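J.: Generate the whole structure from the sequences, applying the supplied hints.
Chains as they are written, first to last, in the working numbering: chain B, 235 to 289; chain F, 78 to 290.
Just so you know, the hints here were simulated from the structure itself, not pulled from any lab data.
Hints should not be assumed to be uniformly reliable.
[Claimed, not checked] Label-pair distances were calculated between CB atoms; the ranges are:
hint : chain 1 : residue 1 : chain 2 : residue 2 : range
1    : B       : 284       : F       : 198       : 41 to 47 Å
2    : B       : 244       : F       : 161       : 32 to 38 Å
3    : B       : 249       : F       : 210       : 18 to 24 Å
4    : B       : 267       : F       : 181       : 36 to 42 Å
5    : B       : 285       : F       : 210       : 54 to 60 Å
6    : F       : 176       : B       : 247       : 43 to 49 Å
7    : B       : 284       : F       : 176       : 42 to 48 Å
8    : F       : 246       : B       : 282       : 32 to 38 Å
9    : F       : 179       : B       : 244       : 45 to 51 Å
10   : F       : 146       : B       : 287       : 50 to 56 Å
Just so it is clear, the structure is predicted and the values come from calculations on it, not from any experiment.
Idealized CB from N, CA, C, for every residue including glycine.
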Amino acid sequence: MNILEKIKNIYPELTDADFNPFGSIRIQNDSDGRGDYIAKWEHPTLSRPTDEQLT
Amino acid sequence: MAITLDGSDNKIAIGANATGSAYLRLYEDTDNGTNYVDIIAPASITSNRTLTLPDATGTIITTASTFAGTGPAFSVYPNADQTGLTSGTFTKVAFINEYFDTANCFDSTTNYRFTPTTAGYYQLNFSAYVTASNIATMEPFIYKNGSSFSSGQYLMAASSTTAAILSASNILYLNGSTDYVEFYVFSTTTAGTYTIKTGAQYTYASGALIRSA
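T.: Spelled out as structure tokens, the structure:
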């Protein structure tokens, strides 16, 4: 399960619109071998998941 | 007309007359002929002017000169497909191959970013070729200092779209020391991952200094 799917599992109310370029959450991969990560979390009501929740 | 040599006032003055303004005539090598270059004052001058020569060796250009800047320029492309990319993520394009990188300002080994050492305004171009079993959306981005700065076209694909090539371009000011740019793709699929395809004619980035700071 990738990080985006994990976030959607934690917050089922999130939709694809929350992750698109105009959304409040940005998942990014810098092609440095470290994989996907949360580059931006500006959701107005939901708090950023902890690393523990995402493992 | 009078020529005044005034050592105490550190200048040579060439006077004018009613026929024309003052000028300095410099002849070519006599082996080549008798042509010359005149450096001439305008016929009418609103107020006193000063032309200061540059503190550098070189040839002075004119409005008739063909001028090409000597600032940093680069053109890069990936050397392999970037596969298995998560739908809904922004992925940096790993530009590993360089057509040229005139000032060695493009990092094509670690961070895939352009950090010019000359301050000024840079024209930047980015094109990306993405494939997936079914692309839903795609958008290319030029990042400045780690944040998206400019996007290109935004594709909302019809069903069964398996490939898209989109581009972005803009003119960015870069400070010549810490500012850098990178190139990202955002894409979503209806199912599965997406791929940023190699192919130098489809996926590339380029840029050049077009105006000094």
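J.: Take the hints in turn and mark each one as holding or not.
T.: Evaluated hints:
1. Separation of residue 284 of chain B from residue 198 of chain F is about 43 Å and conforms to the stated range, judged on CB atoms against 41 to 47 Å.
2. For the pair residue 244 of chain B and residue 161 of chain F, the supplied restraint of 32 to 38 Å is violated, since their beta-carbon distance comes to about 23 Å.
3. Evaluation of the 18 to 24 Å hint for residue 249 of chain B and residue 210 of chain F yields a pass: the beta carbon distance comes to about 21 Å.
4. In this structure the supplied range 36 to 42 Å is violated for residue 267 of chain B paired with residue 181 of chain F, their Cβ-Cβ distance being about 24 Å.
5. Evaluation of the 54 to 60 Å hint for residue 285 of chain B and residue 210 of chain F yields a failure: the beta carbon distance comes to about 31 Å.
6. The supplied range of 43 to 49 Å is met by residue 176 of chain F and residue 247 of chain B, whose beta-carbon atoms lie about 47 Å from each other.
7. A hinted range of 42 to 48 Å holds for the C-beta pair residue 284 of chain B and residue 176 of chain F, which are about 44 Å apart.
8. Hint check: residue 246 of chain F to residue 282 of chain B, Cβ distance near 33 Å, so the stated range 32 to 38 Å holds.
9. Distance hint for residue 179 of chain F and residue 244 of chain B: a CB-CB separation of about 48 Å, consistent with the stated range 45 to 51 Å.
10. Between residue 146 of chain F and residue 287 of chain B the C-beta distance comes to about 51 Å, which sits within the given range of 50 to 56 Å.
Against the hints set out earlier in the document, violations occur for numbers 2, 4 and 5.
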